[in-house]
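J.: As a plain string of letters, each chain reads:
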Amino acid sequence: MNTNSNTYTFIYASILVVVVAAALAFVSEVLKPIQQSNIESEKRLNILRSAHLALELNGVSNRNSYVADMFNKYVTNSYCVDNDPKLPVYECTLDDGSTVYVVEVSGQGLWGPIWGFISLKDDMNTIYGAVFDHKGETPGLGAEISTKEFARQFEGKTIFDNNRFISISVVKGGAKPGDNHAVDAISGGTITSNALQEMLYNSLEAYIPFFNSKTHQ
Amino acid sequence: MFKKIFLEPLFKGNPITVLVLGICSALAVTVKLEPALVMALSVIIVTGFSSLILSFLRNTIPNRIRIIVQLVVVATLVIIVDQILRAYAYNVSKQLSVFVGLIITNCIIMGRIEAFALGNKPWPSFVDGLTNGAGYGLILVAVAFIRELLGSGTLLGVQIIPQSWYMTNGGFYENNGLIILPPMALIILGIVIWIQRSISKGLIEKQ
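Same order as they appear, the protein sequences are chains W and C. Here the numbering used here = 1-based position in the first sequence + 149. Here the numbering used here = 1-based position in the second sequence + 15.
If we strip away everything but chain C, and leave its shape as in the complex, we get (with noise of 0.2 Å):
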């Protein structure tokens, strides 16, 4: 049970490439490393914690005010995760702009405290609710690996690529500009998709 819930999310079941849930802030946050780990973490923060509380209070939530009181508890997860940004990681944060308030629109977490949390006991939610997140972490920094890789010559800030293998220096290499762009992140995703579907052929839909 616990091994289905934990591996499950990363790959058979990923949120971004199986689900293909929380496109938006994947393509927007991956042009560097530094800023695509910040959101993978606050991500998985906020998915693991919003299932873990609202597992605790499943039995005592009113029916009737049952996605406004999950719509409270993930909104405060993340005005404190982008609070706690801003006093630690400022710049970070001023890269990450919008999107970190834009979390709670993340349809990972409601769809995992509705699909899951609502109907299990806080450990396995907790625990649902990180990996789930994990699993979008994991596709956000892949492709921020590739996009700052090829795209700036740098991961994390730090120089990979030669100096003396740009042209600019007699060498014959360019960093791709292209990759910088938005429109990449997808493409760059179809890839992630394509690779993972020929691994395990049981995603493809039957003709």
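Isolated chain W (complex conformation) (with noise of 0.2 Å):
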């Protein structure tokens, strides 16, 4: 057979492609599950940690249902303030018997989607841990933002100053020692340290009412 001519090489690209489509969507389908649970799980996992709480994970032969179990233990109460846009808020009870508020931040990083948790103390003002993730920014610069020693500048940090809200800026070369409403930049991650500053204005601004309707209580 002449595998050169027109007529055969259009018919085998063809099959090719449909072979090959199915195989991809078979394997996508039969999967999706799994890694649905697995992304629920991952969030889970963020909101927990928020809170410090679900930090030692070696050892856990199931890592799903270990975080399903912790989330079910310490997140004692969880609802959305507003539907438009969702503003989920996780109330978790901690061991001392104290409630933190974890509420969530998003926005848009260099090359993609950035989020985040934060958990605030029952003043609905200071800041108890908090953990960043993104969808793809530079790893080494941006990327850093994911880390702990990143996401650990925040703790004790405050958002409000004499009930004006102020939110927490990301300072390149450094935050004043002292400043509560700053954290140091990373080095040559400006865009992202840029884009996670404005994420935590808008999303927490956002938030604004419900922690008004908590501290006037």
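Among these hints, one or two may not hold up.
[Stated by the list, open to error] Result set (DSSO-like, lysine-lysine): computed pairs, CA atoms no more than 27 Å apart in a straight line:
1) W:K192 to C:K47
2) W:K181 to C:K109
3) C:K216 to W:K284
[Stated by the list, open to error] Chain C residues, not near chain W, derived (Cβ > 10 Å throughout):
4) I76
5) W138
6) P177
[Claimed, not checked] Quick list of simulated restraints, FRET-style, between CB atoms:
7) W:T248 to C:K109: 29 to 39 Å
8) W:R212 to C:R81: 38 to 48 Å
9) C:G186 to W:R301: 18 to 28 Å
10) C:F187 to W:R301: 20 to 30 Å
11) C:Q178 to W:D245: 26 to 36 Å
12) C:W180 to W:D328: 29 to 39 Å
13) C:I219 to W:D328: 51 to 61 Å
14) W:E304 to C:P177: 28 to 38 Å
15) W:P262 to C:P197: 20 to 30 Å
16) C:K109 to W:I315: 24 to 34 Å
17) C:N78 to W:A172: 23 to 33 Å
18) W:D328 to C:S215: 52 to 62 Å
19) C:P197 to W:T156: 43 to 53 Å
No wet-lab data here; the hints were simulated from the structure. Because the structure is a prediction, the values reported are computed rather than measured. Just so you know, even glycine gets a beta-carbon here, dropped at the ideal spot from N, CA and C.
If you follow the hints, you should be able to join the two separate chains into one complex; please do so.
T.: Written out as structure tokens, the structure reads:
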């Protein structure tokens, strides 16, 4: 057979594409439920970690069920304070009986979405813990926002100053010592750092009515 | 014949240290041993099966769309591997991030298909693909072993350097933070190539 004829080439390419598409669609459909549950579990883990829970996963054999157990144990209430856009709140009751409120923040980084969870103490002002993650920021630069070292800077910072909303700024060159509203930016990750600052401002601002309702109770 | 196909890619014709292919992913995923092992396994699977499949098809492939057909087969395998990792090794797949997808562009794969699989029977092609992937994996794991041990004091996440050695606990030891950074992967790779060349002198270019 002449494998160089136009008809042959055309038919060959068509069959190849159909076979490949069918194979990929099959694999994708079969694996989707497992992938979804991994993503859901990852989200729950991030919520827990923003409240300093479930930090140690070494030696855990079934990760997803462990995370689900921890989530059910500590997250005592979850609701949306607004539906457009969705503003979820997760109330975590810690071992010492105090409650922290985990809110979701999300925005646009340099290459794709960035997001995170911030846990606030019950004064709705002091940050108890934070977790950030990203879709595809530059490894070693912008991607550093997902490290513990970066997130740890946020602990103890406050988002209000005398009831005025300030949020947290991410300062290039380093935040001044003692500044309660600023953390150090990432060297070489300026665009991601700025995006993170903007994300915090916009996302937390949307929660202000909720914060106020909690503090004036 | 088989012995040559089998052993050459592991040492004398190693794709990374001798042919210097696939360097960028070798630098990127070798901070810890676990992602390096998973990456090595993924590449072995993709090189092996892409060589096998294309060798089966070699007499039917229209010459004018040869490269496209190769790419389609390789890309399909890579996507399948990526999907499986996302389902069964989610955490590692997050660490490997884009580098699994970038296996498609790994020169080792296309190189072996063009140079070997299209001119040989399926079985030798399969072995050739597997061992070339293994040659890549071997270096990846060796570099990751050194980097995780010296950079983090752990292997596969298990603490190897005794805690009492560390300065913070009154000891004399500190993890080398430099090792974790990408440039050190290049330097370690250079040392590996140096050792290999001093063992087999035939690799050294004539002046």
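J.: Run every hint past the structure and note whether it holds.
T.: Checked hints:
Only pairs whose Cα atoms come within 27 Å are accepted, and K192 (chain W) paired with K47 (chain C) is accepted, the gap being roughly 24 Å. With a C-alpha separation of about 16 Å, the suggested pair K181 (chain W) and K109 (chain C) falls inside the 27 Å cut-off, and the hint holds. The suggested pairing of K216 (chain C) with K284 (chain W) is violated, with an alpha-carbon distance near 46 Å, which exceeds 27 Å. Distance check on I76 (chain C): its Cβ comes as close as 7 Å (rounded) to a Cβ of chain W, failing to clear the 10 Å threshold; non-interface status is violated.
With a closest Cβ-Cβ approach of about 22 Å to chain W, W138 (chain C) is found to remain outside the 10 Å limit, as its non-interface label requires. Look at P177 (chain C): its CB is around 17 Å from the nearest CB on chain W, clear of 10 Å, so calling it non-interface holds up. Evaluation of the 29 to 39 Å hint for T248 (chain W) and K109 (chain C) yields a pass: the beta carbon distance comes to about 30 Å. In this structure the hint that R212 (chain W) and R81 (chain C) lie 38 to 48 Å apart at CB holds, the actual value being about 44 Å.
Take G186 (chain C) and R301 (chain W): their Cβ atoms lie about 24 Å apart, and the range 18 to 28 Å holds. For the pair F187 (chain C) and R301 (chain W), the beta carbons lie near 27 Å from each other, so the given range of 20 to 30 Å is met. Range check, Q178 (chain C) to D245 (chain W): about 28 Å between beta-carbon atoms, so the 26 to 36 Å window is met. In this structure, W180 (chain C) and D328 (chain W) meet the distance hint of 29 to 39 Å, their C-beta atoms being roughly 37 Å apart.
Take I219 (chain C) and D328 (chain W): their Cβ atoms lie about 58 Å apart, and the range 51 to 61 Å holds. A beta carbon spacing of about 30 Å between E304 (chain W) and P177 (chain C) agrees with the range 28 to 38 Å that was offered as a hint. Between P262 (chain W) and P197 (chain C) the beta carbons are some 25 Å apart, a value that agrees with the proposed interval 20 to 30 Å. Between K109 (chain C) and I315 (chain W) the beta carbon distance is about 33 Å. The supplied range of 24 to 34 Å therefore holds.
At roughly 24 Å, the beta-carbon separation of N78 (chain C) and A172 (chain W) lies within the given 23 to 33 Å, and the hint holds. Hint check: D328 (chain W) to S215 (chain C), Cβ distance near 59 Å, so the stated range 52 to 62 Å holds. In this structure, P197 (chain C) and T156 (chain W) meet the distance hint of 43 to 53 Å, their C-beta atoms being roughly 50 Å apart.
Violated hints, in rising order: 3, 4; the structure is consistent with all others.
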